[in-house]
Structures are given as C-alpha cells and as structure tokens.
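A.B. asks: Could you use the hints to bring the two separately framed chains together as a complex?
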Amino acid sequence: EPEVTQTPSHQVTQMGQEVILRCAPISNHLYFYWYRQILGQKVEFLVSFYNNEISEKSEIFDDQFSVERPDGSNFTLKIRSTKLEDSAMYFCASSQDRMSGNTIYFGEGSWLTVV
Amino acid sequence: AQSVSQHNHHVILSEAASLELGCNYSYGGTVNLFWYVQYPGQHLQLLLKYFSGDPLVKGIKGFEAEFIKSKFSFNLRKPSVQWSDTAEYFCAVESSASKIIFGSGTRLSIRP
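Chain order of the listed sequences is E and G.
When we follow this note's numbering, the leftmost residue of the first sequence carries the number 972, and every step to the right adds one.
When we follow this note's numbering, the leftmost residue of the second sequence carries the number 39, and every step to the right adds one.
Don't take every hint at face value.
Said to hold, decoys possible - 20 angstroms max Cα-Cα, derived SDA-like pairs, lysine to any residue:
#  : chain 1 : residue 1 : chain 2 : residue 2
1  : G       : Lys87     : E       : Thr1074
2  : E       : Lys1054   : E       : Gln985
3  : E       : Lys1013   : E       : Ile1031
4  : E       : Lys1013   : E       : Ser1058
5  : E       : Lys1013   : G       : Asp92
6  : G       : Lys96     : G       : Ser134
7  : E       : Lys1013   : G       : His47
8  : G       : Lys87     : E       : Asp1068
9  : E       : Lys1013   : G       : Gln83
10 : E       : Lys1013   : G       : Lys107
11 : E       : Lys1013   : E       : Gln985
12 : E       : Lys1013   : G       : Trp121
13 : E       : Lys1028   : E       : Ile991
14 : G       : Lys96     : G       : Pro117
15 : E       : Lys1049   : E       : Asp1033
16 : G       : Lys107    : G       : Tyr65
17 : E       : Lys1013   : G       : Tyr77
18 : G       : Lys109    : G       : Arg149
19 : G       : Lys87     : G       : Ile98
20 : E       : Lys1049   : E       : Asn1023
21 : E       : Lys1028   : G       : Ser41
22 : G       : Lys99     : G       : Leu57
23 : E       : Lys1013   : G       : Lys99
24 : G       : Lys96     : G       : Ala54
25 : G       : Lys109    : G       : Ser90
26 : E       : Lys1013   : G       : Pro117
27 : E       : Lys1013   : G       : Gln40
28 : E       : Lys1013   : G       : Ala54
29 : G       : Lys87     : E       : Lys1054
30 : G       : Lys87     : E       : Glu1015
31 : E       : Lys1013   : G       : His45
Keep in mind that the hints were calculated from the coordinates and are not lab data.
No experiment lies behind these values; they were computed from the predicted model shown.
Isolated chain G, as found in the complex (with noise of 0.2 angstroms):
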C-alpha cells in the first residue's frame, strides 16, 4: 500500500534559518507528489507538485521540492524562512486518480 512519512514532527527555526523538511513515500509505480501548507486556523493550500520533468520543482513563497527517485524522496526546502511561515506542512503522493495520501505533517514554528 502507499505511504508517505514525514519523520519530523515539530521543527523550530529562527528567522533566516534554512529549512529542509523530509518526506519520503512508498509507491511503485509512477508518482505524482505534493506539498501543501495548513496556516493556523486555514485551509490546506497547494504549494507545490510534482508530476514529471525536472525533478526540482519551484512553488510559491520561495518553496522549492527535490524528486530523488532513487531515494523515494521529495523534501522540501527553502532557503531563508520568515516568521509568516509558521504553519503546518503536509506531504502527498497521489494514490491513485481520485485520492491523494497524506503524511502526518510537520509543525513549523519560527522565532521571530
């Protein structure tokens, strides 16, 4: 069966910190991958996917996702955070043509 993890559940970072949040998933096929963010008190918003092509992927507010296939992994990084990214961070992978699996998310807080 399909599975994403997300191995961390709280990261704390300062201000202008660099972040890299991992997520790696178990599927055998072809994969189409995801990030999305949950602000407090939001909705889930996409912020970036992966579907094919080059396997370094630009999303907004200066998010960016690396496919490793090889690695079955797709963390997410971004190179300076600012305290507005405060949030929740999701990873997916799209099981199947109806559903998308979520991982158990990562809690970022940033001191600002």
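In isolation and in its complexed conformation, chain E is listed as follows (with noise of 0.2 angstroms):
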C-alpha cells in the first residue's frame, strides 16, 4: 500500500533555530496536512495545503510556521524560531481529494524535541 513518508524521524534542536520538516505524500493525492501531538496531548490539526496554497489552518499555526510543496512533490513545515513547547510529534497527512469520501493517510511522524 502506498504510504506517507517523513524526514527526519527524530530531530533534536536548540531554542530560536529553524527547523524544516519534510513529507513525500502518496503520489497522486492532491491535499496535504499537517498535525501535532504534544505527548500525552490529543493530535491537533495545523494546516491544509492544496493547490499550492494553505486552504485552512488553526489558531497554533502562526507567524513562525509556514509550509511549501518546493519541488512539486514534497510537502514541508518549517519552523522559523523554535520554542520548547513546539516539541511535538509532527505528522504529514495526504488524500486524494477533499476530505468527504475520501480517506486521509498518515506519515510516522516527526518527532521534534526542543531544548
């Protein structure tokens, strides 16, 4: 079956640095997502991505976070001064089409650790 895939799988970086997480979605999926898990927390949503443009995202996604398809195939988020309370697993997400009937697939995640 095909599958979501994200690097890095663990990532361990210092207060105020950038961070870029990457995903290579299914390959003929359209929509792109973003979601987090503080550990012990629920999964939170962050953004969605279609048509090279975010088509909605949450209250946790500010400033500081941004997402970009830089070769036509690969989803990122970046990070632009990393807080601790941005530790966090982070997971990509993609589907076919829009969410009605279709399934949403799940990377392994990103874990992010801050210190």
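C.D. replies: In structure tokens form, the structure reads like this:
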C-alpha cells in the first residue's frame, strides 16, 4: 500500500533555531496536511494545503510556521524560531481529494525535541 | 465549535474480553466519523469510517462502530480482543472539507 513518508524521524534542536520537517505524500494525492501531537495530548490540526495554497489553518499555525511544496512533490513544514513548547510529534498526511468520501493517510511522524 | 470526547483514557482488558470504547461528538450538521489506531511506535492508521448509510460500520481487524445520531455517539467495539490490539485509539470527526478533529485518545492495554 502506498505510504506517506516523513523525514527526519527524530530531530533535536536548540530553542530559536529553524527546523524544516519534510514529507513525501502519496503520489496521486492533491491535499496535504500537518497535524501535531504534544506528548500525552490529543492530535491537533495545524494546516491543510491544496493547489499550492493554504486551505485552512488553526490558531496554532501562527507566523512562525510556514508550509510549501518546494519541488512539486515533497511538502514541508518550517518552524522559523523554535520554542520549547513546539516539542511534539508532527504528522504529515495526504488525501486524494477533499475529505468527504476520501481517506486521509498519515505518515509515521517526525518527533521534534526543542531544548 | 465541533468537538470529540473520549471518556475512557486508559482501558485494560484480558485477551478474549469484549471491547467498547466510547466516543461522543458535538456537531450540528452532517457528520463524517472515523476511528484511527496508533500502535506503539507506528503512525496513525484508519480503522473504519462512517459517511452515510448503514450506521453499523465494519472496519479492519474485526472492529466495528455504531453511529447513533440521537446520542451523538460513535462507539468502537470488538467482540474478542487480542494482545496485538494494544494501542491508542482515536475517534475523529470531519470538521470541514479539509480537516478532522481528534478526540484525546483511549489507551488500550491487553493482558496476555
């Protein structure tokens, strides 16, 4: 079965540093998402992306976050100046079409530790 | 605002016991509902989903869920659990065409 793959699987960074998390969505999918899960808490929606634009974003997705598809295939999440509270598992996901009637597939996650 | 509640934070069962995990949602419109599972060290996987039709939905690995509109519930069930079902289970509701909202999750531990 096709998979969403994410790199790195684990990254440790110092507070204030920039981090880029990378995602390779399933090849024929058109919708892309980032979610995060702080340890012990629920999975939270960050942003959805379609046709090279943000479709929807949560209040968590503030100015320090950005997303792009730099090469038309991969999908990245950039955190400009990391804070301790950004430590979390970040999940990329993709779906073939808009949600209704279509399954969203998640990657294995990138565990970010900010020290 | 839409929300999903999972009241059981941690459930411990013996093998072959029956399972029911509760999920309640609040949403005024037509709902699409999901159960995802996260096995230790692995990614979120879709167990089953409800969009319309038969309110009793069957998923992978012997799981099923029943959508009861009057109770705003979508409980997950399995008649006989196995040790390999040890995982975290997340109920979710489609909030809009481009996002889903997850519940806080229920950790299931199965005693061999």
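A.B. asks: Next step is simple, just say for each hint if it's right about the structure.
C.D. replies: Cross-check of the supplied hints:
{"no.": "1", "hint": "Lys87(G) / Thr1074(E)", "in the structure": "holds (9 angstroms)"}
{"no.": "2", "hint": "Lys1054(E) / Gln985(E)", "in the structure": "holds (8 angstroms)"}
{"no.": "3", "hint": "Lys1013(E) / Ile1031(E)", "in the structure": "holds (14 angstroms)"}
{"no.": "4", "hint": "Lys1013(E) / Ser1058(E)", "in the structure": "holds (14 angstroms)"}
{"no.": "5", "hint": "Lys1013(E) / Asp92(G)", "in the structure": "violated (29 angstroms)"}
{"no.": "6", "hint": "Lys96(G) / Ser134(G)", "in the structure": "violated (24 angstroms)"}
{"no.": "7", "hint": "Lys1013(E) / His47(G)", "in the structure": "holds (11 angstroms)"}
{"no.": "8", "hint": "Lys87(G) / Asp1068(E)", "in the structure": "holds (16 angstroms)"}
{"no.": "9", "hint": "Lys1013(E) / Gln83(G)", "in the structure": "holds (15 angstroms)"}
{"no.": "10", "hint": "Lys1013(E) / Lys107(G)", "in the structure": "violated (24 angstroms)"}
{"no.": "11", "hint": "Lys1013(E) / Gln985(E)", "in the structure": "violated (25 angstroms)"}
{"no.": "12", "hint": "Lys1013(E) / Trp121(G)", "in the structure": "violated (24 angstroms)"}
{"no.": "13", "hint": "Lys1028(E) / Ile991(E)", "in the structure": "holds (18 angstroms)"}
{"no.": "14", "hint": "Lys96(G) / Pro117(G)", "in the structure": "holds (12 angstroms)"}
{"no.": "15", "hint": "Lys1049(E) / Asp1033(E)", "in the structure": "holds (11 angstroms)"}
{"no.": "16", "hint": "Lys107(G) / Tyr65(G)", "in the structure": "holds (11 angstroms)"}
{"no.": "17", "hint": "Lys1013(E) / Tyr77(G)", "in the structure": "holds (15 angstroms)"}
{"no.": "18", "hint": "Lys109(G) / Arg149(G)", "in the structure": "violated (31 angstroms)"}
{"no.": "19", "hint": "Lys87(G) / Ile98(G)", "in the structure": "holds (10 angstroms)"}
{"no.": "20", "hint": "Lys1049(E) / Asn1023(E)", "in the structure": "holds (15 angstroms)"}
{"no.": "21", "hint": "Lys1028(E) / Ser41(G)", "in the structure": "holds (17 angstroms)"}
{"no.": "22", "hint": "Lys99(G) / Leu57(G)", "in the structure": "holds (13 angstroms)"}
{"no.": "23", "hint": "Lys1013(E) / Lys99(G)", "in the structure": "violated (24 angstroms)"}
{"no.": "24", "hint": "Lys96(G) / Ala54(G)", "in the structure": "holds (19 angstroms)"}
{"no.": "25", "hint": "Lys109(G) / Ser90(G)", "in the structure": "holds (16 angstroms)"}
{"no.": "26", "hint": "Lys1013(E) / Pro117(G)", "in the structure": "violated (27 angstroms)"}
{"no.": "27", "hint": "Lys1013(E) / Gln40(G)", "in the structure": "holds (15 angstroms)"}
{"no.": "28", "hint": "Lys1013(E) / Ala54(G)", "in the structure": "violated (28 angstroms)"}
{"no.": "29", "hint": "Lys87(G) / Lys1054(E)", "in the structure": "violated (36 angstroms)"}
{"no.": "30", "hint": "Lys87(G) / Glu1015(E)", "in the structure": "holds (19 angstroms)"}
{"no.": "31", "hint": "Lys1013(E) / His45(G)", "in the structure": "holds (13 angstroms)"}
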